[in-house]
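*Asks:* This is what each chain is made of:
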Amino acid sequence: MTDHPIDPDPFDLLRDHVRAVVLLERPGVDPDDLVAQITGTVDRADRSRGAQVLPLHASGALRSPRSPRRRRWLAAGLVAATVAVGSAGIAAFQGERPADPTADVVCRSSTDPLSSSIGLHADGDPVEQCARLWARGDLPDLDHPTPGGAVPRLVACTSRVNGALEVLPLPDLTTCADLGLLDADVEQADPALALQVRLQRHVAQCHDTAELEAYTVGLIEQLELSTWTVRVAAETTGCATAAIDSATRVITLQADPLAPSSSKENP
Amino acid sequence: MTSRRAEPLPGDAHARFTALVREHQRDLFAHVRVVYPHVDADTVVNEVFVAAWQRIDDVPDDRAATWLRATARYVVSNRRRGERRWQALNDRVARLESVGYAPAPDHDAGLELHLVLDALASLSSSDREVLLMTAIDDLTPEDVGEILGVKGHTAAVRISRARARLRAAVAARTEHPEQGGTA
Numbered sequence: 001m002t003d004h005p006i007d008p009d010p011f012d013l014l015r016d017h018v019r020a021v022v023l024l025e026r027p028g029v030d031p032d033d034l035v036a037q038i039t040g041t042v043d044r045a046d047r048s049r050g051a052q053v054l055p056l057h058a059s060g061a062l063r064s065p066r067s068p069r070r071r072r073w074l075a076a077g078l079v080a081a082t083v084a085v086g087s088a089g090i091a092a093f094q095g096e097r098p099a100d101p102t103a104d105v106v107c108r109s110s111t112d113p114l115s116s117s118i119g120l121h122a123d124g125d126p127v128e129q130c131a132r133l134w135a136r137g138d139l140p141d142l143d144h145p146t147p148g149g150a151v152p153r154l155v156a157c158t159s160r161v162n163g164a165l166e167v168l169p170l171p172d173l174t175t176c177a178d179l180g181l182l183d184a185d186v187e188q189a190d191p192a193l194a195l196q197v198r199l200q201r202h203v204a205q206c207h208d209t210a211e212l213e214a215y216t217v218g219l220i221e222q223l224e225l226s227t228w229t230v231r232v233a234a235e236t237t238g239c240a241t242a243a244i245d246s247a248t249r250v251i252t253l254q255a256d257p258l259a260p261s262s263s264k265e266n267p
Numbered sequence: 001m002t003s004r005r006a007e008p009l010p011g012d013a014h015a016r017f018t019a020l021v022r023e024h025q026r027d028l029f030a031h032v033r034v035v036y037p038h039v040d041a042d043t044v045v046n047e048v049f050v051a052a053w054q055r056i057d058d059v060p061d062d063r064a065a066t067w068l069r070a071t072a073r074y075v076v077s078n079r080r081r082g083e084r085r086w087q088a089l090n091d092r093v094a095r096l097e098s099v100g101y102a103p104a105p106d107h108d109a110g111l112e113l114h115l116v117l118d119a120l121a122s123l124s125s126s127d128r129e130v131l132l133m134t135a136i137d138d139l140t141p142e143d144v145g146e147i148l149g150v151k152g153h154t155a156a157v158r159i160s161r162a163r164a165r166l167r168a169a170v171a172a173r174t175e176h177p178e179q180g181g182t183a
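Chains A and B, in that order, are what the protein sequence lines are.
Heads up: the first sequence runs through residues 1 to 267, numbered per our numbering.
Heads up: the second sequence runs through residues 1 to 183, numbered per our numbering.
Do not rely on the hints blindly, as some may be mistaken.
For the chain B half of the interface with chain A, some residues (derived, Cβ under 10 Å), not all of them [stated by the list, open to error]:
no., residue
1, V21
2, V50
3, A135
4, I136
5, T140
6, L148
7, L166
8, A169
9, A171
Short, incomplete list of chain B residues facing chain A, as computed with Cβ under 7 Å [unchecked claim]:
no., residue
10, R22
11, A30
12, T43
13, F49
14, R128
15, K151
16, T154
17, R158
18, S160
19, R163
20, R167
21, V170
Please keep in mind that the hints were generated in silico from the structure rather than gathered at the bench.
All residues carry an ideal CB built from backbone N, CA and C; glycine is no exception.
Given these sequences and hints, build the entire structure.
*Replies:* Structure follows, in structure tokens:
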């Protein structure tokens, strides 16, 4: 990469320009009108209701950035389970994408991964949150609410496929593991598995290798996995994916072959 | 200034929200307009303030601007996923037009600006995001990290690398103007 001194610095020119451009533009709504519009139509007290009326994919917008709530309920988790990373070697994150990777909690109507679901931001115990939706009749069929319906036995699990936190109705004696899922508090039990789960969630969105590398390095530091390393197999400006080799403790970043080609490579 | 009010009074939420909108709407609009030019800034700002109203007790007084920008990023990110991918983001022509960039090719400064904008368009979306984010607002690396959901030092590295790549891309265009859009 060439890095010749340029005068003025391109960034300074960019900064001056964009600030000049936006001076010419104003929001289309007067601030007081916006306040009246929002406070007059949105019920602040019923947050879960607000999340439901939005499409599932929009629920993440209501989450406070880096909210401590999620950690709170994870820390208060159900049963500490030790789940070791499989010895199979490489676990590639190239499977199906979650419906909403930013939702803290996905309340599912059944164990069928294609069943209807409602995404919420974590606000206390996720099982209780979803139980309220069942009690109110919004589940199992959001299109045909049945108030006063029975609340089944609900269990919080983490998907192995996409890392989503899901609360599902499970028959007695059935566990997350029986369905190929992980217990919800798995992140507490095993940092290596937490690495896998969080990477899965992260790559659910499109990131290039540079961004994914920065995130992965930060994650390794955060989880104190000092013996792990990150390797970029091939830089890409399109969507990247990650593969963990638990035997060598190497995380390999590469282009996601399942992601649609970005217009950068294919204008 | 504390990050939370200990004893919210009746009507306090409404007063706080009103002050929040009045203080931040314009800047948030500018931020969204520049950093995410392919979304409707008014719509995103509206959604962000709806979220702020619903979670007004969670909006920190001393970090409100950062909280709003991080929420805006979530809103935009969700919209991108709804469209499968942010395809149009990488359409450099559309991008330059949509932000209202109008470089004057017959003017020295305009020519240089054109190079910068062309170089910017050649970068990855993540580089563009941090460059535009720090260009429109006086954000610290910690602010950027909070918005992106990464640590401050990670954000600092990302900003530094993005600026270096912008300089390199401009330099490539200066040395080889015939290459146009290829860095």
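*Asks:* Hint by hint, note whether the structure agrees.
*Replies:* Against the structure, the hints come out as follows:
1. V21: This interface hint holds because 5 Å falls under the 10 Å limit.
2. V50: Constraint on V50 (chain B) satisfied, holds at 6 Å.
3. A135: With Cβ-Cβ at 4 Å, under 10 Å, it holds.
4. I136: The hint holds - I136 (chain B) has a Cβ within 10 Å of chain A, the shortest such distance being about 5 Å.
5. T140: violated, 15 Å
6. L148: Interface hint status for L148 (chain B): holds (9 Å vs cutoff 10 Å).
7. L166: Status holds, d = 5 Å.
8. A169: This interface hint holds because 8 Å falls under the 10 Å limit.
9. A171: Cβ of A171 (chain B) sits 4 Å from chain A, so the hint holds.
10. R22: Cβ of R22 (chain B) sits 5 Å from chain A, so the hint holds.
11. A30: Interface hint status for A30 (chain B): holds (4 Å vs cutoff 7 Å).
12. T43: Since the shortest Cβ distance to chain A is 9 Å, the answer is violated.
13. F49: holds, 6 Å
14. R128: Interface hint status for R128 (chain B): violated (10 Å vs cutoff 7 Å).
15. K151: This interface hint holds because 5 Å falls under the 7 Å limit.
16. T154: holds, 5 Å
17. R158: holds, 6 Å
18. S160: Interface hint status for S160 (chain B): violated (11 Å vs cutoff 7 Å).
19. R163: holds, 5 Å
20. R167: Since the shortest Cβ distance to chain A is 6 Å, the answer is holds.
21. V170: holds, 5 Å
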